[in-house]
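Enquirer: Here are the chains, one letter per residue:
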Amino acid sequence: MRETNPAGRLGRSLRRDYDLCLMIVPLVLYYVVFYLWPLYGIQIAFRDYIPSRGFTGSPFVGLRNFREFFSLNTAWPLIRNTLRISLFTLVVTFPVPIVLALMFNSIVSKRFRNVVQTIVYVPNFVTVVVVVGMLGVFLNGQVGVFNQVRAAVGLPKVDFMNDAGSFLPVYIVSGLWSSVGWNSIVYTGALTGIPTELYEAARIDGTTKLQCIRFIEVPAIVPTVSIMFILSVGRLMGVGWEKIYLMQAPLNLSVSEIISTYTYKTGILSGQFSYSAAIGLFNSMVDLLLLLTANRISRRLSDTGIW
Amino acid sequence: MKALHPSIRRVRLDADRIFTVVNAVLVAAVACAIFYPIYLVAIASISTPREVINGRVLLWPVGRNTGGIERVFSDALFLRSYLNTIVYTAVGTGINLLVTITSAFVLSRRDFVLRKPITTLVVVSMFFSGGMIPTFLVVRQLHLLDTIWALVLPVAVSPWNLIVARTFFTVSVSEELHDAAIIDGCNNFQFYLRIVLPTSTTIVAVIGLFYGVAHWNSYWSALLYMRTQSRYPLQLVLRDILLRSQISVEMMSAEMDDGNTMARMLEIAESVKYVVALIACLPLMLVFPFVQRYFVKGVMVGSIKG
Numbered sequence: 000m001r002e003t004n005p006a007g008r009l010g011r012s013l014r015r016d017y018d019l020c021l022m023i024v025p026l027v028l029y030y031v032v033f034y035l036w037p038l039y040g041i042q043i044a045f046r047d048y049i050p051s052r053g054f055t056g057s058p059f060v061g062l063r064n065f066r067e068f069f070s071l072n073t074a075w076p077l078i079r080n081t082l083r084i085s086l087f088t089l090v091v092t093f094p095v096p097i098v099l100a101l102m103f104n105s106i107v108s109k110r111f112r113n114v115v116q117t118i119v120y121v122p123n124f125v126t127v128v129v130v131v132g133m134l135g136v137f138l139n140g141q142v143g144v145f146n147q148v149r150a151a152v153g154l155p156k157v158d159f160m161n162d163a164g165s166f167l168p169v170y171i172v173s174g175l176w177s178s179v180g181w182n183s184i185v186y187t188g189a190l191t192g193i194p195t196e197l198y199e200a201a202r203i204d205g206t207t208k209l210q211c212i213r214f215i216e217v218p219a220i221v222p223t224v225s226i227m228f229i230l231s232v233g234r235l236m237g238v239g240w241e242k243i244y245l246m247q248a249p250l251n252l253s254v255s256e257i258i259s260t261y262t263y264k265t266g267i268l269s270g271q272f273s274y275s276a277a278i279g280l281f282n283s284m285v286d287l288l289l290l291l292t293a294n295r296i297s298r299r300l301s302d303t304g305i306w
Numbered sequence: 000m001k002a003l004h005p006s007i008r009r010v011r012l013d014a015d016r017i018f019t020v021v022n023a024v025l026v027a028a029v030a031c032a033i034f035y036p037i038y039l040v041a042i043a044s045i046s047t048p049r050e051v052i053n054g055r056v057l058l059w060p061v062g063r064n065t066g067g068i069e070r071v072f073s074d075a076l077f078l079r080s081y082l083n084t085i086v087y088t089a090v091g092t093g094i095n096l097l098v099t100i101t102s103a104f105v106l107s108r109r110d111f112v113l114r115k116p117i118t119t120l121v122v123v124s125m126f127f128s129g130g131m132i133p134t135f136l137v138v139r140q141l142h143l144l145d146t147i148w149a150l151v152l153p154v155a156v157s158p159w160n161l162i163v164a165r166t167f168f169t170v171s172v173s174e175e176l177h178d179a180a181i182i183d184g185c186n187n188f189q190f191y192l193r194i195v196l197p198t199s200t201t202i203v204a205v206i207g208l209f210y211g212v213a214h215w216n217s218y219w220s221a222l223l224y225m226r227t228q229s230r231y232p233l234q235l236v237l238r239d240i241l242l243r244s245q246i247s248v249e250m251m252s253a254e255m256d257d258g259n260t261m262a263r264m265l266e267i268a269e270s271v272k273y274v275v276a277l278i279a280c281l282p283l284m285l286v287f288p289f290v291q292r293y294f295v296k297g298v299m300v301g302s303i304k305g
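Residue numbers (numbering that gives the first Met the number 0), protein chains in the order written: chain A, 0 to 306; chain B, 0 to 305.
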């Protein structure tokens with residue numbers, strides 16, 4: 000007899016797979032406590048959070064927290080800084096790993112290639128704390144190596160870490176140092192997937208190596224590039240704030256204060272939970288919107304998307 | 000088909016040869032540029048502080064200073080935090096692996112009824128979450144603040160790693176294998192424990208390394224949740240030394256006897272920073288070349304659309 004009641008069918012399947020159900024309990028617990036509960040807690044963005052009354056007991060204030068954020072003249076500099084840092088980072092650091100992967104792929108000696116790849120992967124494992132610490136010692140206004148070299152060739156010393164104009168270049172170049180090798184792996188993977196017959200056919204047709212790159216390798220990595228691009232755009236507003244927080248100094252705050260660092264300072268350090276939750280919510284909504292837009296554009300242009 | 004004229008072929012060969020050489024030189028230059036800062040830290044930390052400050056240590060060590068490393072390692076807070084990080088990393092990675100690998104196996108079972116809804120939840124969580132403040136309030140409400148659990152439980156599962164492991168199981172564990180095991184009287188749990196796990200050590204290693212490095216390097220959650228200095232992980236103590244120049248008396252005292260002027264203090268402070276940076280990076284850099292292939296494999300598996 001066929002079972003028509005869906006609830007009964009579900010119950011029977013659950014009974015059959017009771018062991019699978021037991022094994023998934025920790026994950027479900029984790030998601031309930033550390034994902035769904037905070038998600039439910041987002042409502043404090045619309046309330047005046049009082050710890051003793053919890054998420055739902057605090058008085059409802061509607062959009063007051065959002066209005067406060069946008070009326071205080073703090074919002075626009077924060078949004079501008081966030082977008083400026085992330086857009087420049089995207090434009091500079093997105094293409095470089097692709098080029099690097101293509102260059103790796105054209106290396107003939109396998110041994111040389113292995114050594115070089117290992118070297119460029121390593122900085123990914125140097126933590127942001129150490130990276131910013133190294134920047135601090137190298138770029139120190141008086142005794143840093145970089146300034147010593149500048150002085151030796153007659154250039155004035157600059158206190159890079161306390162200089163608003165230097166903030167973005169220092170941030171981007173050091174970010175490139177950390178991530179360029181690691182981010183090239185995905186593309187290297189896509190390149191190794193190219194069947195060797197293609198190269199052999201191309202050799203018979205007498206193509207040069209540059210033509211191989213242009214007509215075989217670049218088309219082969221386009222789908223990977225699209226997906227990586229969508230993911231990067233989706234993270235535009237949340238980019239690298241751990242590092243930015245560490246790089247902040249009184250004299251560069253005008254360009255380095257971004258939405259997430261501000262959320263941390265107002266929320267965790269000053270205890271204005273509702274206000275900072277509202278800012279955080281605004282931030283992640285913008286991120287989600289950017290992701291969806293990028294995905295749609297990519298779907299239309301190249302028929303690849305993350306879903 | 001007409002064969003290419005010999006002269007044309009030679010031009011092409013020459014062009015290719017030039018390309019190969021130029022490419023190799025460029026790649027070598029990039030690798031040197033990337034390696035140099037790390038090398039600089041290494042040579043600076045064994046050189047005489049004064050030579051470093053005066054910018055004479057650029058290509059090889061100048062003078063000799065082995066005291067720095069001893070001094071850093073005799074610092075109680077630094078050692079304590081190093082130990083803390085080892086414990087946090089071990090416990091955290093253990094929990095991560097237990098939950099992630101088991102769940103990934105369950106979610107890879109095609110006939111599991113809850114597979115769809117749970118997978119959807121996991122994927123959604125990659126792109127939208129409660130954010131810093133609500134998560135912090137939950138951790139506080141659970142009275143986890145300032146304990147190891149605040150550092151390991153909120154990050155018990157990374158959705159990215161879970162999807163990577165699930166993709167791996169979906170591809171590598173065949174339906175036939177599963178059916179055969181069930182017919183032989185295994186239940187799903189026994190199948191997982193006795194057949195799937197022993198043949199999947201690679202993915203366990205890959206995921207374990209990803210989580211391990213994340214714990215070792217994490218400083219943000221400690222900044223959020225930890226209050227007591229003796230429970231700080233390495234990264235927080237590093238921040239205090241490297242960025243706030245909070246160099247303890249113990250690290251300074253050995254050099255303080257000989258005319259402790261401000262300039263001398265600055266020299267020592269800077270040289271201690273080099274040593275600290277080196278010690279912080281060293282474990283990973285020493286281990287990395289041996290486990291590199293696992294990391295690379297992990298990124299590759301992750302890039303397969305699952």
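The hints are simulated quantities; they were obtained by calculation from the structure and are not laboratory data.
Just so you know, even glycine gets a beta-carbon here, dropped at the ideal spot from N, CA and C.
Treat the hints with caution; some may be incorrect.
SDA-like cross-link-like pairs, simulated, lysine to any residue; straight-line CA separation at most 20 Å [what the hints assert, rightly or not]: (1) A/109 with A/208; (2) A/156 with A/142; (3) B/296 with A/208; (4) A/109 with B/31.
Per the computed footprint, the stretches of chain B lying under chain A, defined by three or more beta-carbons under 8 Å from a beta-carbon of chain A, are [unchecked claim]: (5) 24-36; (6) 72-84; (7) 92-101; (8) 205-214.
Enquirer: Hint by hint, say whether it matches the structure.
Expert: Going down the list of hints, with the structure as the test:
no. : hint             : verdict
1   : A/109 with A/208 : holds (17 Å)
2   : A/156 with A/142 : holds (10 Å)
3   : B/296 with A/208 : violated (27 Å)
4   : A/109 with B/31  : holds (18 Å)
5   : 24-36            : holds (count 8)
6   : 72-84            : violated (count 0)
7   : 92-101           : holds (count 3)
8   : 205-214          : violated (count 1)
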